[in-house]
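Enquirer: Under mature numbering (1 follows the signal peptide of the UniProt record, and there is no 0), residues -22 to -1, 1 to 378 are what the sequence shown spells out, in order.
Certain hints may be false.
Stated by the list, open to error - Listed next, the in silico DSS-like pairs over lysine-lysine satisfying Cα-Cα at most 25 Å (straight line):
hint, residue 1, residue 2
1, Lys26, Lys88
2, Lys26, Lys226
3, Lys26, Lys188
4, Lys188, Lys219
5, Lys307, Lys263
6, Lys321, Lys261
7, Lys307, Lys206
8, Lys131, Lys206
9, Lys335, Lys309
10, Lys219, Lys264
11, Lys188, Lys159
12, Lys23, Lys131
13, Lys226, Lys192
14, Lys303, Lys360
15, Lys158, Lys23
16, Lys206, Lys303
17, Lys307, Lys321
These aren't lab readings, by the way, just hints derived from the structure by calculation.
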Amino acid sequence: MNKIFTIATLLALFCSSASLKAQELYTLPADADTRWVSFENHTGKKGKGGMENKTAKGHSSEWVNAGKSVTLLDFDGAGVINRIWMTIIDRNPEALRAIHIEMYWDGTSKPAVSAPLGDFFGIGLGRMTAFQSALFTDPEGRSFNCYAPMPFKRHARIVLVNESKQNQLLFYDVNLTKLKKHPRDIAYFHAYWSNSTGRGLGEDFEILPKVNGKGRFLGTNIGVIADKVYGDTWFGEGEVKTYLDGDKDYPTLNGTGTEDYIGSAWNLGPFSQLYQGATVVDKQKKQFAFYRYHIPDPIYFHTDCRVTIQQMGGAGRDLIRAIAKAGGKVKPVSVMTANGLIKLLDVPSYPDLFDDKFPADEWVNFYRVDNYSATAYFYLDKPESNLPALPVLAERLKGL
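All chains, please: the whole structure from these sequences, using the hints.
Expert: Here it is as structure tokens:
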């Protein structure tokens, strides 16, 4: 059976509330056992839970000292991770960027998942707030939950690395189904984090650099810290573009705007839904975090995939003039007039922004430069990818 269809089926069963009607909850699959791995049963072996302190809460947590790491899961055999839950004592934005999580499948030396803790669990910019989505939840703004199914054939390892300045008290559990073997071939879960350090005017931010292989782009959560030089102007005109299977100059999938991509419209307010949401809309601090998960609308690729978002905003002519005079980076790209959209990049003879012939009181879309970060989630037909390693701590903390 097609590898991608196998993961699509898993996602439908585990993530879509509508599919629960079709799921046969009363069946008992052969050769499947349930295991919970935590400090109370670190091996996940049968009959080995709660052995300390005569089963009376003997090892529910551990301190992970600054600069140290801890192995959360080191599991031999085939299986599927169904849920990961954890919490730590210090959950400030800097700590949630400094601590990162790594996941390795089937004995590889390069992690398939390498991302800051908060960003991985759908918490953009490290700002914890209660939300619920199909893949990640934070019920009261104090914990981390992941429901993305993560299959493996021979071995699974999860490591938490504390690069923060504080010792962290950690509670966690990893819930999985142990199998004798997978009945079909599988695709592996991956997560990639990056930020926009060094991106210039007119350069799209790469949510997912070109990844080689066969798979499925599962979605992303994105954080934006708008540069204060742009004042209260709108940052979110950027279109999300997905380049599939050899696309170069032009993508196959092209969105219409930032809030459009997450299912909203006409600016952005906070909301939380299964497949789309905006967990942070702080116009005073110029901080925004939002997500979109392609579960009911799958994005498949056969040889490669790349996903970007334009750094583009919108405002009136005079506001953009003031930004430019204040030293802000701006480049008008189009003007919305009563007669339709004037595409400035196709009309090189069009008046300059500071020319009186440039129309006033019209909506101008313009390139700008803000601080973007994103976690991209995808399935791939191999347990490791060609993507770069997680940026060093100093780079991850820029702009917070």
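Enquirer: Next, verify each hint and record whether it holds.
Expert: Hint check:
With a C-alpha separation of about 30 Å, the suggested pairing of Lys26 with Lys88 is violated against the 25 Å cut-off. Restraint check for Lys26 and Lys226: not satisfied, since their Cα atoms lie roughly 53 Å apart, outside the 25 Å limit. Taking the CA atoms of Lys26 and Lys188, the gap is near 44 Å; set against the 25 Å cutoff, the hint is violated. This hinted pair checks out: Lys188 and Lys219 have alpha carbons roughly 12 Å apart, not beyond 25 Å.
Distance hint between Lys307 and Lys263 is fulfilled; the C-alpha atoms sit about 19 Å from each other, no more than 25 Å. Proposed proximity of Lys321 and Lys261 is contradicted: the alpha carbons are some 29 Å apart, above 25 Å. Proximity of Lys307 to Lys206 is assessed by CA-CA distance (about 12 Å); at most 25 Å being required, the pair is judged to hold. Of the pairs offered as hints, the one joining Lys131 and Lys206 is violated, with about 49 Å between alpha carbons and a cut-off of 25 Å exceeded.
Of the supplied pair hints, the one linking Lys335 and Lys309 holds, its CA atoms being roughly 17 Å apart against a limit of 25 Å. Taking the CA atoms of Lys219 and Lys264, the gap is near 24 Å; set against the 25 Å cutoff, the hint holds. Taking the CA atoms of Lys188 and Lys159, the gap is near 31 Å; set against the 25 Å cutoff, the hint is violated. Our distance criterion of 25 Å between C-alpha atoms is met by Lys23 and Lys131, whose separation comes to about 18 Å.
Our distance criterion of 25 Å between C-alpha atoms is met by Lys226 and Lys192, whose separation comes to about 17 Å. This hinted pair does not check out: Lys303 and Lys360 have alpha carbons roughly 50 Å apart, beyond 25 Å. About 15 Å separates the Cα atoms of Lys158 and Lys23, which keeps this hinted pair within 25 Å; it holds. Straight-line distance between C-alpha atoms of Lys206 and Lys303 comes to about 14 Å, which keeps the hinted pair within the 25 Å bound.
As the CA atoms of Lys307 and Lys321 are separated by approximately 19 Å, the hinted pair is consistent with the 25 Å bound.
Taken one by one, the earlier hints fail for this structure at numbers 1, 2, 3, 6, 8, 11, 14, listed in ascending order.
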